[in-house]
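Given next are the chains, with one letter for each unit.
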Amino acid sequence: MTPTYYLVLSAALFCVGAVGVLIRRNAIVVFMSVELMLNAGNLALVTFARINGSLDGQIMAFFVMVVAAAEVVVGLAIIMSIFRTRRSASVDDSNLLKY
Amino acid sequence: MNPVLAADITLPHINYGAIAPILILLGMACVGVLAEAFLPRTLRYPVQVLVSLVAQVAGLATIIGLALSNYAKKPTLTAGDALAVDGPGLFLQGAVLVLGIVATLLIAERSVERGGAFVAQAAVTAGSEADAEQARRQPSQTEIFPLSLFALGGMMLFVSANDLLTMFVALEVFSLPLYLMCALARRRRLLSQEAAVKYFLLGAFSSAFFVYGIAMLYGFAGSVKFHDIAVAAISSGKSDLLMFIGLAMLAIGLLFKAAAVPFHVWTPDVYQGAPTPVTALMASCTKVAAFGGILRIFYVAFLDSRWDWRPVIGVIAVLTMVIGAILAVTQTDIKRLLAYSSIANAGYVLTGVLAMQKDGISSSLFYLVTYGFTVLAAFGLVTLVRDQDGEATHLSRWAGLGRKAPVLAGVFTFLMLSFAGIPLTSGFTGKFAVFSAALGGGQTTLVIFGVLSSVLLAFPYLRVVVLMYLQEPAADAPTVAVPGALTSAALAIGAIVTLLLGVWPSVLLDVANSAAQFVG
Amino acid sequence: MSIAPYVPIAGLLVLGALFALFSCTIAPLVGPKRFNKAKLEAYECGIEPAPVPAGRFPIRFYLTAMLFIVFDIEIIFLYPWAVSFDMLGTFGFVEMLLFIVTVFIAYAYVWRRGGLDWD
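Residue numbers (this note's numbering), protein chains in the order written: chain A, 1 to 99; chain B, 1 to 520; chain C, 1 to 119.
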């Protein structure tokens with residue numbers, strides 16, 4: 001069980017999330033992809049905590065989780081408010097702001 | 001069993017006096033939330049304005065007290081080395097608060113737009129019957145004040161954070177309220193909500209990069225304290241690759257907040273869609289905070305590896321200055337024009353940062369303050385030019401304003417000249433400071449691009465001036481609202497500081513010089 | 001016990017799978033393609049089938065869910081504190097009290113603003 005595998009997994013998850021943000025069109029799905037990226041960060045933190053033999057990384061993962069939860073609440077509130085006006089959560093419909 | 005689990009815990013020592021400014025801001029924000037919960041509707045506005053201003057003035061007074069009692073000369077680390085109380089930290093905290101007070105004056109204004117610039121109930125569906133009703137009658141909601149206090153407190157925490165975790169938490173503490181504040185415009189609510197969605201999604205995306213960068217640097221250095229990273233950068237046996245991946249990802253998160261190209265795409269949309277007082281807050285305070293973080297990371301944690309990353313950030317600085325200026329030329333909306341100008345200005349600050357020596361720090365600090373005051377006054381003036389749909393921000397609507405409102409046009413012309421960097425304005429002294437620091441640091445190429453970009457950027461500014469004075473006003477030209485006491489005060493402060501720092505820059509430059517020493 | 005008696009079964013499974021795969025891939029490739037409207041419709045009589053929307057959850061559900069998430073996740077900090085309570089002592093206790101107070105301030109706001117009313 002080398003910890004390296006977990007790092008590879010976390011990098012893969014991070015890339016999946018990043019690609020999801022870039023190609024998906026539904027604001028909620030985009031947001032889920034961001035959460036995936038944050039959790040990939042958590043996995044990397046915990047793995048490095050194991051490799052370094054210190055607990056700091058695990059504590060940091062706690063903080064990231066809490067911040068991510070706060071972000072979820074703020075983000076969902078904003079997305080809900082625009083969804084109620086538009087009846088759609090597609091980021092392609094957000095096209096009022098240009099030039 | 002992991003042996004570290006059994007280790008005993010050393011409790012961190014917290015120097016409450018040294019972090020009092022941050023505690024005051026966040027504590028008063030909690031008071032604001034309680035006031036929002038328990039006070040009757042009519043009392044909320046005066047109480048919130050009072051709480052907000054008292055918190056910021058008290059915080060500022062504490063910062064000045066700390067600076068005078070030698071914290072700038074004998075910097076300390078506190079709360080288990082998580083927070084640094086040093087010259088740049090105190091200067092930046094003070095700058096955030098001074099600019100925050102002026103922005104709060106703009107936010108609290110209720111006579112330019114009847115009831116204030118913010119929506120009464122954000123939960124009412126935009127465009128519905130109830131929405132039209134609340135836009136006509138109800139006064140703004142007052143949650144905006146505790147939200148801005150949380151944002152300002154987060155920024156102060158951000159500029160004095162001495163490890164990456166504290167920095168990340170502070171980043172979110174100031175970003176989350178800003179996302180919400182963007183969505184709260186009274187008029188054109190859909191536009192405002194769109195701006196908030198864009199800002200939120202891209203902001204969350206960039207902070208995910210920030211987190212992954214933290215993880216990489218933790219893996220590299222075994223700690224997230226800046227000092228430990230700096231030590232590991234010299235002596236760590238681990239691959240440098242880990243450090244550079246981590247640094248690149250951190251830089252993405254920070255440069256996004258600073259609105260540097262290529263992480264700038266959100267800026268014009270968000271600046272345009274957000275309520276103008278909130279835009280003013282973002283353009284001034286967020287910029288100070290973001291560059292505070294950038295300065296600390298580059299000068300404390302990565303000073304010794306600067307030969308490796310300086311060219312990359314240099315390219316970003318050039319792109320930011322040039323692309324910001326070119327795109328500003330093509331704009332037809334005053335808020336978007338100011339947004340692109342703020343992107344270009346981020347490039348000028350970055351030029352100062354890249355000097356990588358003491359006057360690089362002091363000139364960047366100085367530039368951030370001068371730019372903050374000028375941009376606050378400019379956005380303050382934008383709130384005054386109105387027609388029946390609210391603010392008239394399209395440039396064609398500004399034609400002939402020089403005849404209808406000579407005072408407004410005069411002040412705006414002065415601010416535009418300052419942005420363009422004409423002598424006797426703070427725009428000139430600020431640019432002079434950062435460019436000469438960059439020359440001293442051997443960054444001649446950056447300075448050449450910087451001067452070219454400011455020449456190019458003068459064109460859109462002067463176009464607005466020409467438009468105001470030399471064109472006939474349209475038949476349905478917008479009216480210029482009479483500013484209330486709060487907006488007048490904000491405009492006067494912004495314009496006077498712009499003039500004062502233009503003719504007598506040493507008053508602030510000396511303070512910045514004596515503050516320019518990071519603890520590390 | 002020998003595995004030999006089961007080999008033919010496995011072989012048959014493989015053969016079956018191969019046959020299914022073969023038929024599914026070859027049919028669209030070699031068959032003639034002549035489409036018309038009737039062919040594209042579902043092979044059913046009666047009314048046109050249409051997906052029934054599952055119905056939307058009331059907006060209140062999101063509010064409750066969001067409040068739950070944010071208060072729920074705060075508890076995460078209580079666990080490590082509770083585990084090492086002995087070592088953290090008074091300092092940890094006071095800090096945790098301060099933390100709980102801030103959570104209660106948020107709670108008071110939500111409660112007064114009707115975030116907890118179900119209808």
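Honestly, I wouldn't trust all of these hints.
Examples of chain A residues lying across from chain C (beta carbon under 8 Å, computed) [as the list claims (entries may be wrong)]: (1) V8; (2) A12; (3) L13; (4) L43; (5) V46; (6) F62; (7) V66; (8) A69; (9) V72.
No lab work stands behind these hints, which were simulated from the structure alone. All values derive from a computational prediction rather than experimental measurement. Note that the Cβ used here is the ideal one computed from N, Cα and C, for glycine as well.
Inset, instruction - Sort out which numbered hints this structure fails and list those numbers smallest first. - result: 1, 2, 3, 4 and 5
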